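Chemist: What follows is each chain in one-letter form.
2 protein chains.
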Amino acid sequence: MIVCTTKQQLKEQLALYKEGFPGSRVGLVPTMGFLHEGHASLMKRAKEECDFTVLSVFVNPLQFGPNEDFDRYPRDKQRDAALAENNGIDVLFMPDVSEMYPTKPLTRVLLSEVTERLCGASRPGHFDGVGTVVSKLFHLIQPDRAYFGMKDAQQVAVVERMVSDLDFSVEIIRCPTLRESDGLAMSSRNVFLNEEERRQAIILNSALEQAEQWAKEPGMTAPLFKERLSSYIGQAPLADIDYAELLHYPDLTDLPDDMELAASTQPLIIAIAVRFGDTRLIDNRIVEQKWRCAPHV
Amino acid sequence: MIVCTTKQQLKEQLALYKEGFPGSRVGLVPTMGFLHEGHASLMKRAKEECDFTVLSVFVNPLQFGPNEDFDRYPRDKQRDAALAENNGIDVLFMPDVSEMYPTKPLTRVLLSEVTERLCGASRPGHFDGVGTVVSKLFHLIQPDRAYFGMKDAQQVAVVERMVSDLDFSVEIIRCPTLRESDGLAMSSRNVFLNEEERRQAIILNSALEQAEQWAKEPGMTAPLFKERLSSYIGQAPLADIDYAELLHYPDLTDLPDDMELAASTQPLIIAIAVRFGDTRLIDNRIVEQKWRCAPHV
Chain E
1 MIVCTTKQQL KEQLALYKEG FPGSRVGLVP TMGFLHEGHA SLMKRAKEEC
51 DFTVLSVFVN PLQFGPNEDF DRYPRDKQRD AALAENNGID VLFMPDVSEM
101 YPTKPLTRVL LSEVTERLCG ASRPGHFDGV GTVVSKLFHL IQPDRAYFGM
151 KDAQQVAVVE RMVSDLDFSV EIIRCPTLRE SDGLAMSSRN VFLNEEERRQ
201 AIILNSALEQ AEQWAKEPGM TAPLFKERLS SYIGQAPLAD IDYAELLHYP
251 DLTDLPDDME LAASTQPLII AIAVRFGDTR LIDNRIVEQK WRCAPHV
Chain U
1 MIVCTTKQQL KEQLALYKEG FPGSRVGLVP TMGFLHEGHA SLMKRAKEEC
51 DFTVLSVFVN PLQFGPNEDF DRYPRDKQRD AALAENNGID VLFMPDVSEM
101 YPTKPLTRVL LSEVTERLCG ASRPGHFDGV GTVVSKLFHL IQPDRAYFGM
151 KDAQQVAVVE RMVSDLDFSV EIIRCPTLRE SDGLAMSSRN VFLNEEERRQ
201 AIILNSALEQ AEQWAKEPGM TAPLFKERLS SYIGQAPLAD IDYAELLHYP
251 DLTDLPDDME LAASTQPLII AIAVRFGDTR LIDNRIVEQK WRCAPHV
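Which chain is which? The protein sequence lines are E and U, in order. Position 14 of the first sequence, counted from 1, bears residue number 14 in my numbering, the numbering being contiguous throughout. Position 42 of the second sequence, counted from 1, bears residue number 42 in my numbering, the numbering being contiguous throughout.
In case anyone wonders, no lab produced these hints; they're calculated from the structure. Possibly wrong hints are sitting among the right ones.
Pairs involving identical chains hold if they fit within one copy or between any two copies, as the list cannot separate such chains.
To be verified - Once the Cα atoms are required to be at most 25 Å apart in a straight line, the calculated SDA-like pairs of lysine to any residue come out as:
hint, residue 1, residue 2
1, K77, P66
2, K104, P250
3, K77, D167
4, K226, F70
5, K18, D167
6, K18, I172
None of these values were measured; they are calculated from a predicted model.
Using the sequences plus the hints, can you model the full thing?
Modeler: If you want it as structure tokens, here you go:
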């Protein structure tokens, strides 16, 4: 595995590879590091489907608000590098902030509508930062495929829409959320939970499991569904709900209040964000048409 | 010359070419059509410097304001195609609006600061549309070099900054403004001028010629310079000044009011926009450090 900390090194490695193996498929796994099994599953999939794999590890300041956890976001470059190498990554791109943003960035890639709900509403500017840094990575690496985890389902929706709107020539691969044995979605932020918070955090996954069943009930509408979802999560005394939502996916538009959920012809997302102490966790389920739940996605 | 009206045709042609001639250099000349000798000079330069040349002709609705001249902007696809072929263009990309924007575009590439003066101030949203469509063309064509005319000097500054901020792997080539024999900068919009407007429109170039001299005068400051520039243009009775500015280039920031122009260590731009009837014309000169005027740029 070759580790690149500068754009120039990265470009040289990619040029060498592309010259030596024209027509081969490049896969990108963009991450913020502090890698866990969820990231490993993206790397494995990229490795299976591509001839050459690039992992990027970059905690992007542009996607953190002024009162968010950029400074305390967990980092462990050595462990990340070892895990990347174990997963057969060809190039690890690990720039620092001044390498990615050598001058004040005046350019932003902004999306409307699909960024206005869920985490986009709770974290103003977050998806502008995501769109901008993902554009930069796509330009630097020019991957044929890029792998994103569905734990961040809105991020997937935003990146897919950006790719389509701006005619990027990359295929976005949706990868299933990985979970701990008790169902908690894997996240780099889980390390911040204390013992009691960690115990109660399983309410996210159990709420989603229940909610998948409620969605099938005759006469169930979005307002009733969301009320029941919030009540269920409220059973965990430490849970401070940011949102508990039901929307169309990937458009992230509202359902009509009086529409029976079973009548929806589009996939839906059940999406929740809950704070435990200082730690904000998110999780979701995509419910496909005809109430076939997408397995693990 | 191959004419492509869809993105799919364009991608197929480019893929065929890149497969057959790996490592060869692709040049792009992005235009809004109604081609004149200025465009021809871009095509010639691209042809000299690149192995494969793409001309795009697309009147981009995103860069026109609601009260601007999108509908009446001059178009002549047949003449454009003939001129492109005469200039040795390999692929002419000529999509219609529904091909470029098949769904409502939710994504915008926005720039701050460098878009806030000159035409960015007079035409709100204009450069958002430029950044967005140029990003799309860069993604579709993946050129090694892209050729832009310095008549639109702010557009060049915006595109250069976007390329640098977003790590696009394309080199932007600044090409000199071409002029009619009496000095009027060539523009597709010149056809809208009536006889008297056309006669008076030469005031733009003569003002810039004078202004280059004023800039060398000892003690000359920006406020005095701009006042003199506006007065000079005001000699043409039909001239309705939108702006007559002096700024740093390419940052488009103000000079200190009390600074002698000769003390500037950065290149400056003298930029003017003037309406004659319904037709808005722009022109500029870049004045390099030490008052060496950039020849024709």
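Chemist: Within a copy, between copies, both or neither: which one fits K18 and I172 at a CA-CA cutoff of 25 Å?
Modeler: both (21 Å within a copy, 23 Å between copies)
Chemist: At most 25 Å between C-alpha atoms: does K18 with D167 qualify within a copy, between copies, both, or neither?
Modeler: both (22 Å within a copy, 19 Å between copies)
Chemist: When Cα atoms must be at most 25 Å apart, do K226 and F70 count as within-copy, between-copy, both, or neither?
Modeler: Close neither inside one copy (31 Å) nor across copies (46 Å); limit 25 Å.
Chemist: At most 25 Å between C-alpha atoms: does K104 with P250 qualify within a copy, between copies, both, or neither?
Modeler: between (32 Å within a copy, 15 Å between copies)
Chemist: How do K77 and P66 come out at 25 Å by Cα distance, when the copy is not named: within, between, both, or neither?
Modeler: within (24 Å within a copy, 50 Å between copies)
Chemist: Please work out whether the CA atoms of K77 and D167 approach to 25 Å or closer within one copy, between two copies, in both situations, or in neither?
Modeler: between (33 Å within a copy, 24 Å between copies)
Hint compliance for this structure: hint 4 is the single one not met.
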